[in-house]
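Residue numbers (the numbering used here), protein chains in the order written: chain A, 153 to 687; chain B, 516 to 849; chain C, 305 to 591.
Rather than coming from a laboratory, the hints here were simulated on the basis of the structure. Just so it is clear, CB atoms sit at the ideal spot from N, CA and C, and this is done for glycine as well. Among the hints, erroneous ones may be present.
Said to hold, decoys possible - With a Cα cut of at most 16 Å, we get these calculated EDC-like pairs of lysine to aspartate or glutamate:
id, chain 1, residue 1, chain 2, residue 2
1, A, Lys337, A, Glu272
2, A, Lys262, A, Asp309
3, A, Lys262, A, Glu393
4, A, Lys337, A, Asp276
5, A, Lys260, A, Asp216
6, B, Lys524, C, Glu545
7, A, Lys572, B, Asp691
8, B, Lys571, A, Glu433
9, A, Lys427, C, Asp350
10, A, Lys557, C, Asp424
11, A, Lys262, A, Asp276
12, B, Lys571, A, Asp345
13, A, Lys614, A, Glu393
14, A, Lys665, A, Glu433
15, A, Lys367, B, Asp691
16, A, Lys500, A, Asp345
17, A, Lys367, B, Asp692
18, A, Lys500, A, Asp381
19, A, Lys624, A, Asp640
20, A, Lys367, A, Glu393
21, A, Lys319, A, Asp309
22, A, Lys260, A, Asp235
23, A, Lys658, A, Asp640
24, A, Lys260, A, Glu241
25, A, Lys614, A, Asp648
26, A, Lys319, A, Asp623
27, B, Lys524, C, Asp350
As the list claims (entries may be wrong) - Below, a sample of chain A positions facing chain C; criterion: calculated Cβ distance under 8 Å:
id, residue
28, Gly387
29, Ser400
30, Gln423
31, Gly482
32, Ser483
33, Glu485
34, Arg486
35, Thr533
36, Ala536
37, Gln540
38, Thr543
39, Glu555
40, Ile558
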Amino acid sequence: MKHVQLSLPKALTRFTQRGIVVVLAIATTLALAAGCKSKPSTPAKFVFANTSNYDTMDPHQAFDVGRVAVRLNLYDGLYRWHDNPPKIEPWLAESYTVSPDGLTWTFKLKQGSKFHDGSEVTADDVVYSTERIFGVGKGAASLFTRMLSPGSTKAVDKYTVQFTLSKPSAIFLSIVPEVHVVNSKLVKEHVKDGDWGAAWLSENDAGSGSYMLTKYDPAVGWTATRFADHFYGWGDKFIPEIEFRTVSEINTRVLGMINGDYHGTDGYLPQDQVKRLKETETVKVLEQESMRIFMFQLHNQRAPTSDVHVRRAISYAFDYDGFIKNILGGSAERNPVPIPNNMWGVPKDVTGYTYDLEKAKAELAMAKSKPKRSLTIGVLTGYAQTEQAATLLQNGLRQIGVESKIESFPWPVIVGNMSKPETSPDISIYWISTYYADPNNWIGEMFHSGGWGTFKSSSFYKNPKVDDLLDKALKTTNQEERAAAYADAARIVYNDAGGVWVYNTKWFGPFAKNVEGMRFSPVGEAQEIRWMYFQ
Amino acid sequence: MKQLVLAFKRLLWFIPTVVGLIVIVFIISRIIPADPVALVAGETATPAQVEVLRAKLGLDKPLPIQLLKYFQGLLQGDMGRSLYTTRAISADLLHRLPATIELTLAAMLVTIVLGIPLGVISAIRRNSWLDHVLRVITVSGLAIASFWLGIMLQLLFAMRLGALPLAGRMAGFPPDDITGMYTLDALLTGELGIFAVAASHLTLPALTLAFPALATVVRFTRAGVLDVAQSNFVLYERAMGFPAPVIVWKYVLRNALISTVTQIGLLFGILLAGTVVIETVFDWPGIGNYAVNSIIMSDYNAIMGFTIWAGVIFIVVNLAVDIVQTFIDPRETA
Amino acid sequence: MKTSLFVLRKLMEDRVAFLGLLLILGLVFCAVFAPWLATYPGDVWDLHPVNRLLPPDGQFLFGTDRMGSDIYSRILFGARITILVAVIAVGASLIIGVPIGLVAGYYHNWFSDLLMRVSDIFLAVPQVVLAIAIAQTLGPSLPNVILALSVTYWPWFTRLVYAETRSLQNEIFIESSIALGASPWRVIVYHILPNVSSPIIVRTSIGMGFTILTAATLGFLGLGAPPPTPEWGRMISESREYLPQAWWYAAAPGMAIFLVVMGFNLLGDGLRDILDPRIRRGQKDDG
């Protein structure tokens, strides 16, 4: 017994000594790790910090700006949007013709364009890609089904594709860039259970784009290397490698820009952070007027917001100046109608509702259906700005005696709720960005009664006159007639106070100072890297 | 023998517990008013298109049938696919597992290496200023909101001092995949530079995660040591004139072993629950982060997958602790 | 009455536990007198975009937030929400958890086994995960947060009461009252319940702190009460976009959570020392 008692403490002392050594070792490593921060040298790689997750690499599964880099850099379409104001330019195609009835669209492909595996891009691939959009049924599929049915696209010859629409559509060309062409032979090899190769393509690359996927990790992001044989050719300045990394926290993105870890990040940061970046020596912030309308959708089918006077009262009860000048630090521009100010078809004579509580009260007095219950204001979870706008609106409404409650919904929930008039909130706050650069992307999809059920038309607005004008604008391809129709429709909706349109976004794209050549377009937001280079 | 029967009885309960867990989570995840199908279908989808997709995903069937189908798949090791990425949930979870394990192990290491000695010291120096300071710290550990602690550490060390990375697991892509734990992989491949980067990213989240668990360990150890110190056995030896430190250290060894084993379950629970929030704060691409994102996106299968994963691990660890405990410390079974 | 006086006297002696009590009283005081203590009582609703994100000074004690509201005033009103959530959620957990624990502990049959397994299922997943899932399912609102917390917290009481009841059953006074023919209901209510009340009280105090933390976590993740509710967890999450400049925006509500939870934990610790005879005995021996 005694013997054991004597030896134990010694063992323990040794044990604790070792423990201390271990702790010291860890502490030293940590200190070292903290100390040696890599210095920015001449980068070979362009690193972009992206807000959204790259949870799929499939170009036909995603149709949002958050994952646009995959589509623009790894894939090509027949046409592509560039610059601001956006122009549609031939890309894989060299030209198109349209039949007089507006139904048959024939695209001629450039010859010799190559996929990443060296095989040639042919009309068959375009047909397969179009069918695949319908087959996968996500992303842009819902947009195409409105004018095109599966099986109605055919390859006339190796370099000619023909789309036969079910009804004339002036916006068809505008959405053709979303037909991202995949290597049909390669994808077909990986089809499982008739999934159109969705499982495989969600983490692999079957494109012809400017860059070839080298690494992909849904939790991290992806890297790609330059495709030297890209059909468009390359100048002598380019970026050989790109990396898109998911960095969801604003502060990490900003700090990464300041430290030089990232060379670019999203252009819709809060103004306070933009200011911080502008003050940083190694960062420059490009400024562009984008096309992304921030608005309140008002429920036009349910009392009390079914009453035009109540809707006008709401339009007068929001402090536009306080919001744009103070909360947003003047980073946006007032946009009074459901068409972006810098889009054609916008009626320039409309100046917009102002913050005027007296007028709001007067309108409210005229209303037949008085707001007795509390109005629901739906905002997006995780999008602070929608909350801030909601609290400001709520404050204004309180002052004219209208109660409201703010409900925060994650995007999937609110999209589900907005699909039916019964479950849609009285007021919902969000943005509509540029899915394609045409007024139809905004007013057309928002205020045509045929669009009820989609998130864009959650105001459930119905006005036969507006429906007619919007239909007319889709039937003709004459730009002037279309512009006039959209402007007329916008005036009517404005007068009806069909919704509250607050501002059009400015884009403040942060880039490392030594990056040049960015091409910003509201569709794609300067994430097409092939134009850029390091100075 | 008695222990074996008891262990067996506990094992027997394992299956119904897991099944019950799955049923509960299934019900919770399916009564969501959200319509994830609408989101998957795309923002411009019409209701008719949404319905087509719903049928395709099998979400138009009655709930019991969906549940049955789920169990069927589960038996074949299939947890279903994510509604958004169409990737297999099991693959997604496996992919993120190393990140969470690395974080948890690092936190566990901090907790045990610091916690047990501090607990012992605090017990030996009972009522000294050191004990009081430690008491305040440990009580704060359990009172502080971990997400707030994380943000404050970020504010100080990452934003103000710029000494440590703000968030994330690595600047860029990881080292060659061996275990998936970056620090370990870097050491195995001898890449000290990468190790330093990975370790610097690990520091803040691991410390934040460890803090509340540390509090528990210190208190537990302290109480355990005091308990032994007051046992008649020790009083007797004290009376015999053995120096106090000798006695304490002697009993501490065994005591620390028992309490460490029993605490792993407890510790694991605290740490696992902690990862959900800590990973969100530190943008750590592990399973907790995945869970929060899936919940926010109403991705049914992913939520189910995570909960089952967490539940099974939790139950298994507790089971193991229970069984080990019955063998180490037979008194408990009485 | 006598016991509570004894407890109170003991609490006064234990300075640390008394500090906990003071912190809790402070919280209650803030909640009750918020409209008078607040420098801008209207700022739960009122917004002043011009004043946004001002640092703390004589006018705005804890600075202003992203809408230009006074953070100090909002924190005071937030105390009301904190109390409301914690009291209702822990109260509901007591009402659900204690009876189940008593019944499961008293009887030895398949039903009590089943009850314990059900509570095990809930304990099998970290509470915060289940609470997040439920809060998300029901939609973010204050009642739903309370519901989510209650539904996930009761098993802790069940397990505690169950264990205590089982260990009490071997005590002579319980065995004798059963032998005297007292009905199970009588034994449970008059003999077991009073004897398990001490650990329940201790657990309740700790549980209050724990629940406040979980509620704050839900708020932080955006699953709590909607704006403009001055909920502390939500305020911290709002602040993240404005760091590091607006440090006060994150620091003040976090500090408030910390102090309150600290209060409940210290009180719980103190109560444990006083009420739990095993530990009390230990202390005496040592002293």
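Which hints, by number, does the structure contradict?
3, 5, 6, 7, 8, 9, 10, 13, 16, 18, 21, 22, 23, 27, 28, 29, 30, 31, 32, 33, 34 and 39
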